[in-house]
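Asker: Just so you know, the sequences run in chain order A and B.
Mapping to the working numbering: the first sequence position 46 is 46, numbers consecutive.
Mapping to the working numbering: the second sequence position 59 is 59, numbers consecutive.
Everything labelled a hint here was simulated from the structure, so no lab data went into it.
We treat Cβ as the ideally placed atom computed from N, Cα and C, and that holds for glycine.
A hint or two may mislead.
[Unchecked claim] In the SDA-like style, the derived pairs of lysine to any residue whose C-alpha atoms are separated by at most 25 Å in a straight line are:
(1) B/485 with B/250
(2) B/245 with A/4
(3) B/525 with B/374
(4) A/26 with B/448
(5) A/26 with B/278
(6) B/462 with B/447
[Said to hold, decoys possible] Pulled from the structure, derived: some chain B residues nowhere near chain A, Cβ distances all over 10 Å:
(7) 130
(8) 148
(9) 152
(10) 209
(11) 215
(12) 250
(13) 345
(14) 388
(15) 393
(16) 405
(17) 506
(18) 517
(19) 526
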Amino acid sequence: MTTGGWIIMLLSVGFVTLLLIWCIYKVLTTPGSEQHMHSQADIETPDVDPRK
Amino acid sequence: MANGSGSGGKEAWGTRIGVILAVMGSAVGLGNFLRFPGKAAQYEGGAFMVPYFIALLILGIPLAWAEWGMGRYGGARGHNCTPGIYRSIWRNPLSPYFGVVGMIVPVCIYMYYVFIEAWCLAYAWFMATGQLALGTERQAYIDFFGNFVGAGSDGFLAGGSSVSPAVIALGICFLLNFALIYRGLNKGIERFCLFAMPLLVLCALIVLVRVLTLGTPDPNVPQQNVLNGLGYMWNPHTEDGSFWKSLSNGQMWLEATGQIFFSLSVGFGIIITYASYLKRDDDVALSALTSNAGNEFCEVALGGMITIPAAFVFLGVAGVAGQGTFDLGFKVLPQVFNIMPLGQVVGTIFFFLLFLAAVTSSLSMLQPAIALMEEGVGMGRHASVAILGFITLMGSLFVAYFSKDIMALDTMDFWVGTFCIFILAGFQTILFAWVLGIDKGMAEINRGASIRIPRLVGYRLKYVSPTYLIIIFIVWIKQQYTAEKGNYFLTLRDNHVAQLTVGFILLVGLLFLMLIHESVRKWQKAEREKQEARS
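Chain A with its partners taken away, still in its complex shape:
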């Protein structure tokens, strides 16, 4: 593992980890985020019959 390798690894892993932590912080502290945020899996398409 070279110095360049350490730098790239720490920058890469650090960046994605900090980005995720920041997003989690924003979701937890933004009023009403639980009502307005969606993932593609929790979006119900209108063609689905809820009785089935």
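Model the placement of chain B on the given structure of chain A, informed by the hints.
Answerer: Below, chain B without anything else, positioned relative to chain A:
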């Protein structure tokens, strides 16, 4: 859902954690733990990360925002299918026909994705029953995988007196997916995965700790240690060439960009479809970014730190370099599980959770085509799912049958999972930044958003992203023209299975072109009638 209204109460807090898990859960899939390490190994890690992160920042995240925005824009104008959404943005007679790529990508990826999903299910079973306790001989794991997927010859479906476990697992996965999509139960399984996803991440963390504490398992080969394994993944130069020489590989830039698109589901036609069902003031900015962040964490910090270092420790450089896209996860991880304490339990849970993560991804892949059939040609959900079930079953059996060197799967993964996604992402970039326009587009993304996306992102999408895509494409074409190794055009020229696979993809495209044409006629007729009624 609880009415949080910013009270910060326990209920709202719990619901928000649920939102994070749901968003992350739908983002995590096979691309993180299997496809990404395979690609990184193919291009020797460190150098691969440069185009990978450039593509993430210049293309992946901005385009994910653009897709969410365009989808909601089209949905507000009564369209849920990709061709309809394109038409609502660009009133050109040709615009809906570009949607054919948005149909080919999710439908064809579904065909081989379900097959790999089946491998995960089968490997969970093999782990649980001890069939993967193959000792410390690395060749045993390679042979096991080769026999399992029928990599030795085509037509393993027809060979022998007993049915292959891969085919049984494929059957189970196909029926499970079909039943869930047919009955519209994806929301139920998503709730279930609220618990499964943290478990998968926990499991991956346990494996990560084990991999990082492997040390030097074989004292006879001291160079095969964890530190060198990490070096193989992250060092900015390779064994046989300089960093700059590695970076001059156009194929690597294309594949790194393709991996970002594949992993974030950008250029799939899926996000744009689902976003069309959102309400006018729902958040798209923070939702997309959280989804991308969760996905990247699982991919880089977990997927990238586990498989390649472990593969290097056990197999050395020769075992890691040049592996097939999905090979590493099925040849190396079982060996790691075999030597770690409680490895059988952890391995079983890991492959099963990976299977569940794959299910949550595959469930959404047919929605773009279902939306087209419903909206464009007036079919019901059940009829649409049944027809798509038949088409995708043919495709999955095709991939499973032409199993020699996993040629059909690899060909489909490149031409659809990289090339077509690249084309679609390029088209959508132009559509958002140049046709819809930065002003309208950024206003759409920022409406109801929990975070404000700077206008700079719009300019990046307008100027930097298309230029970047065009340069990579030209370099790649130029390289393909002269390359002898890894030349997909030469493979296409010389290999019958590759030709058949591309022919199959084109056939699927033709079918969707006809459906789009019919849809366009229907939309035009409805518009004419509306106009006549007004006048």
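Asker: Each hint needs a verdict: does it hold in this structure or not?
Answerer: Taking the hints in turn, this is what the structure says about them:
1. B/485 with B/250: OK: residue 485 of chain B and residue 250 of chain B at ~13 Å, within 25 Å.
2. B/245 with A/4: Within the cut-off at roughly 16 Å; holds.
3. B/525 with B/374: Holds, because 17 Å separates the two Cα atoms, which is no more than 25 Å.
4. A/26 with B/448: Holds. Residue 26 of chain A to residue 448 of chain B sits at ~15 Å (cutoff 25 Å).
5. A/26 with B/278: Between residue 26 of chain A and residue 278 of chain B the Cα gap is close to 21 Å, so the pair holds against 25 Å.
6. B/462 with B/447: holds, 20 Å
7. 130: holds, 34 Å
8. 148: holds, 30 Å
9. 152: Fine: 37 Å to the nearest Cβ keeps residue 152 of chain B off the interface.
10. 209: Consistent with the label, residue 209 of chain B stays out of reach of chain A, its closest Cβ about 15 Å off (over 10 Å).
11. 215: Residue 215 of chain B clear of chain A: closest Cβ-Cβ about 14 Å, beyond 10 Å.
12. 250: The claim holds: residue 250 of chain B sits with its nearest Cβ about 21 Å from chain A, beyond 10 Å.
13. 345: At roughly 27 Å from the nearest Cβ of chain A, residue 345 of chain B sits farther out than 10 Å, so the non-interface label holds.
14. 388: The claim holds: residue 388 of chain B sits with its nearest Cβ about 13 Å from chain A, beyond 10 Å.
15. 393: holds, 21 Å
16. 405: holds, 32 Å
17. 506: holds, 28 Å
18. 517: holds, 22 Å
19. 526: holds, 18 Å
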